[in-house]
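Trainee: Each chain is listed here by its residues.
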Amino acid sequence: MMVHIPFERYEMQNGLRVVLSRDTSAPVVAVNLWYNVGSRNEKPGRTGFAHLFEHMMFQGSENVPEMAHFSLIENAGGSLNGSTWLDRTNYFETLPAHYLELGLWLEADRLGWLLPAMTQAKLDNQRDVVKNERRWRVDNQPYGDWDERLQMLMYPSDHPYHHSVIGSMEDLDASSLEDVEEFFRTYYAPNNAVLSIVGDFEIDHAKSLIDRYFSAIPSGPAIPPIPGRTQLGLSLGGEQRVTVEQDISLPRLYVGYRTPAYGTPEFYTNAVVAQILGYGKAALLYRTLIREQRLAQDVVAYAFPIVVGASMLVLWATALPGVALDDLERAFHAQIDALQSVESRDVIRAVSLIEARHLSDLQTVGERADQLSMYTTLFDDPARINTEVDRIRAVTVEDVRAFAARYLIAGNRSVMHYVPKHGEVAS
Amino acid sequence: MSSDAGARGVKLDRSVEPAPGPIRDYDFPAVDGRSLPNGVRSVVCRAGDLPLITAQVIIAAGSALESDAQAGLATLTAASLEGGSRTRTGDTLAWDLEGLGLELAAWSTWDATHIRVTATTDRIEGALDILADVVRNPAFPPQEVERIRDEQLAEILQRGSEPRGLADDMATRFIFDDRSPYRRSTYGDQQTVSRFTATDTSDFHRTRFCPDVTSVVLVGDIDPDRGHDLVARAFGDWSGKAKAAPAVGVGARSDKTVIHLIDRPGSVQSEVRIGHVGVPRAHPDHVTLLVLNAILGGAFTSRLNLSLREKHGFTYGVRSSFAFRKAAGPFSISTAVGTEVTGRAVEEAFREVRTFIAEGPSDLEVANARDYLAGVFPLQLQSTEELAGRIAETVVYDLPTDYFQTYRESILAVDRTTIMDASAIHIRPAAMAVVVVGDATALMPDLEKIAVGEVIREGAGSADSVNIHGSEAGQHGG
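As they're listed, the protein sequences go chains A and B.
Everything in the first sequence is counted per our numbering, starting at 1 for the first residue and increasing by one.
Everything in the second sequence is counted per our numbering, starting at 1001 for the first residue and increasing by one.
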């Protein structure tokens, strides 16, 4: 079933791109900003800084007192958050519709007037919060550093995806107020941002409010190029392997393949391949490694929607107690090889699942706004919210077979074995 | 302070936060409930503007029905539904669903088992046929049940080495006494789960999955009359009567505050849980406690989070919550803090709790928390699955069908006095179970220094190896 999300898009004089989409089915409104900056833009010695900076954006600005950003939105009955990723940083709130102006005032103030409110005490506090976030997500979590390790294997040391979003403790420690100021002046400008609003509002009213709050914010200088090497050949040029000993109960296999970047036609094949392999109870790896062979406790497959140079198809499988990781890996590769003769019903299943999830996701104004911001930021094309599914539908069984034959091969993969410390394997 | 000319030439004073526009009404969509002759309750709610319908079957059979020897059986039974029906193998079932883009979710809680599918409007009839087949005619093939049992055992093993899962499981063990089912994990443990066979899941299904304890909720792009017809067609000719449910008794393990230190050597962070027995869902203070909890530890701007995160930087976040169940679930505070600040963080959490009880919230805090909860309510009801979840709550806890029509009014009626009265009864800092999972050697001196309670260093860091109820699970009988 097709659904068409209407929207209107324009660009302000200062370069801020705006996407408005009206939906009056509930009295709520989503305000969503994407800044075209992520961990890929960090300079050497400052890994994790884009994310630390995101935290600083919630610490108040010239006209917004410390903590007021959170309290004003929560007290209005809204929810809010932000997130940092390799390619971007986003900030978003969903509000009762009559608080739209509050959201715009808050977002404009921190885009235009963040620096006057920055203090060393705020930076020190948020640095501690972020270091605890790293401990919570990575250092104190079984398998928690897998993405950090896999990125190091999959991308050369001078590529911006070589390091993780969360960054290292020592780089976080080294970050200063001067870094905050420089990062802000470099990347936080209307010409490096997209503002999307979705929900119950009048288009003309929203336009006048956006003009009121954002038009006085000057355009920034040209955005510097992404540092390091941004072009990559579409082959890893040989298998990379690593074994990691950790305080875990069950061994786990991680496999990454280098694949074409998000936005290329082959990326959609990659997305379909991930569904075929790892999503649902009829997925190829579920029905073989889990259901028939009883080797694995779980399987996951995921195509990274990232745009610089090359993407990754990442898969993992956790061994059941008593199963040796080498046996699991052998069975795993056999199924990956089998993908070269996959049947069309696997492709139909994968496309049907993606279609259904896309429709379901569009139910919330927050998700619609985030997608509009994403497509505008990455591809300057908000219409993809309606057309992206067509690119998925266009993937054929021949495409999948060719993709598997070209990319899902030994010379193009990294393999990580996570094993319990001291060779203890539960049985 | 910065001022500049606004769009209409009016001077814009950015130092003043903009006033809200005219408030727009929100009404929880109308819910229509009927009973079929066989006892199945059919509940239909037309909502949303996309061609989607969520169908959720709710069976009043959850982990609370298990004896100690059956711990984990409700979870296994729900998971084993994917094993197929009398006419579909597990693999066929998966293809029949996923070939149409349908995803079947099946899970159990303490109080119910839920089976849910979301379909586009044109596929709802086929989706309901499969849903009914899964619920009414599961085959529980031994090979599939044993596979899923082994996966559940692996999951239990994983939780024992995962600090968050371990802390959660240990907290409930130390909060509840031996007669409380809630002291167990809904996953069960190695001893109970390893003994299960397909006969156990079949028996649980046969005696518990019956029309008289089943409700079918349809939410989305559907007319109520047609919805009831569809439910009757799929579930109307189902017969049977569920075995009577045992009464659930709940009690506290300890009447004083004790710190239970579970060693996880080399941890760079400590998982902390602080809690005690809370209140049942049916308690008249339910809504008051929602507002109370938002102020204490439920919202981002709660007292606990502002202190432990934004003031001290001890943690990435801290939350408190009441788990409302048929009997009294736990109240708990949950956080992860750096090893070196663990003692101070626990001390600070207790200080915040004691201050809150002694002084109460300000009128402004109460007003803000009410507005927060009333405001986010519709934000959390944008999808058919979220709406179905709320309607399921009315089904499981025997709330009126129109319960959520007046929910926001109930929240807005809570005041400072009712919160103070409730906090004096329902939050008891002198009788908390504190669980700390972390590097015990590093933590012990700090935890002993703070005047919170006796510190007991528990055994090795695995839920299974810490035996606090002193008896084999099987001895309680089934």
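Check each hint, because a few of them may be wrong.
Unchecked claim - Pairwise CB distance ranges, derived in the manner of DEER restraints:
#1 D1129/B <-> A338/A: 30 to 38 Å
#2 M67/A <-> P1400/B: 35 to 43 Å
#3 G1021/B <-> M2/A: 28 to 36 Å
#4 W1107/B <-> R294/A: 19 to 27 Å
As the list claims (entries may be wrong) - Only pairs whose alpha carbons sit at most 20 Å apart, straight line, appear in this in silico SDA-like list of lysine to any residue:
#5 K281/A <-> G1266/B
#6 K281/A <-> A1139/B
#7 K43/A <-> P224/A
#8 K421/A <-> S1307/B
#9 K281/A <-> S1307/B
#10 K122/A <-> G1249/B
As the list claims (entries may be wrong) - Going by beta-carbon spacing under 10 Å, a handful of chain A positions derived as facing chain B:
#11 E101
#12 Q120
#13 D171
#14 G228
#15 L232
#16 L234
#17 R287
#18 V300
#19 V351
#20 T387
#21 D390
#22 R393
Derived from the structure by calculation, the hints contain no laboratory data.
Quick reminder that beta carbons are idealized off the backbone N, C-alpha and C, glycines included.
Trainee: Now tell me if each hint is right for this structure.
Mentor: Hints, one by one, checked against the model:
Range check, D1129/B to A338/A: about 32 Å between beta-carbon atoms, so the 30 to 38 Å window is met. Range check, M67/A to P1400/B: about 39 Å between beta-carbon atoms, so the 35 to 43 Å window is met. The supplied range of 28 to 36 Å is met by G1021/B and M2/A, whose beta-carbon atoms lie about 33 Å from each other. For the pair W1107/B and R294/A, the beta carbons lie near 22 Å from each other, so the given range of 19 to 27 Å is met.
At roughly 38 Å between alpha-carbon atoms, K281/A and G1266/B are farther apart than 20 Å, so this suggested pair is violated. For the suggested pair K281/A and A1139/B, the alpha carbons sit about 17 Å apart, so the restraint of at most 20 Å is met. Pair hint K43/A plus P224/A holds up; C-alpha atoms about 12 Å apart against a cutoff of 20 Å. With a C-alpha separation of about 37 Å, the suggested pairing of K421/A with S1307/B is violated against the 20 Å cut-off.
For a cut-off of 20 Å, the pair hint linking K281/A to S1307/B is broken: about 44 Å separates their Cα positions. Restraint check for K122/A and G1249/B: not satisfied, since their Cα atoms lie roughly 48 Å apart, outside the 20 Å limit. At its closest, the beta carbon of E101/A sits 4 Å from a beta carbon of chain B; the interface hint therefore holds under the 10 Å criterion. A distance limit of 10 Å between C-beta atoms decides the matter here; for Q120/A the minimum to chain B is near 13 Å, and the interface restraint is violated.
Given the 10 Å rule on beta carbons, the hint for D171/A is violated: about 17 Å separates it from the nearest Cβ of chain B. The restraint placing G228/A at the interface with chain B is violated, with a minimum CB-CB distance near 29 Å, outside the 10 Å limit. Evaluation of the L232/A hint against chain B yields a violated restraint, the C-beta minimum of about 33 Å exceeding 10 Å. At about 30 Å, the closest approach between the beta carbon of L234/A and any beta carbon in chain B exceeds 10 Å, and the interface hint on this residue is violated.
Look at R287/A: its Cβ gets to within about 6 Å of chain B, closer than 10 Å, so that hint holds up. Residue-level restraint check for V300/A is violated (minimum Cβ-Cβ distance to chain B is 14 Å; threshold 10 Å). Against a cut-off of 10 Å between C-beta atoms, the interface hint on V351/A holds, since the closest Cβ of chain B lies about 8 Å away. Interface restraint check for T387/A: the shortest CB-CB distance to chain B comes to about 18 Å, outside 10 Å, so the restraint is violated.
Violation of the interface hint for D390/A is found here, the shortest Cβ-Cβ separation to chain B being roughly 16 Å, above the 10 Å cut-off. Hint status for R393/A: violated, given a least beta-carbon distance of 12 Å to chain B, over 10 Å.
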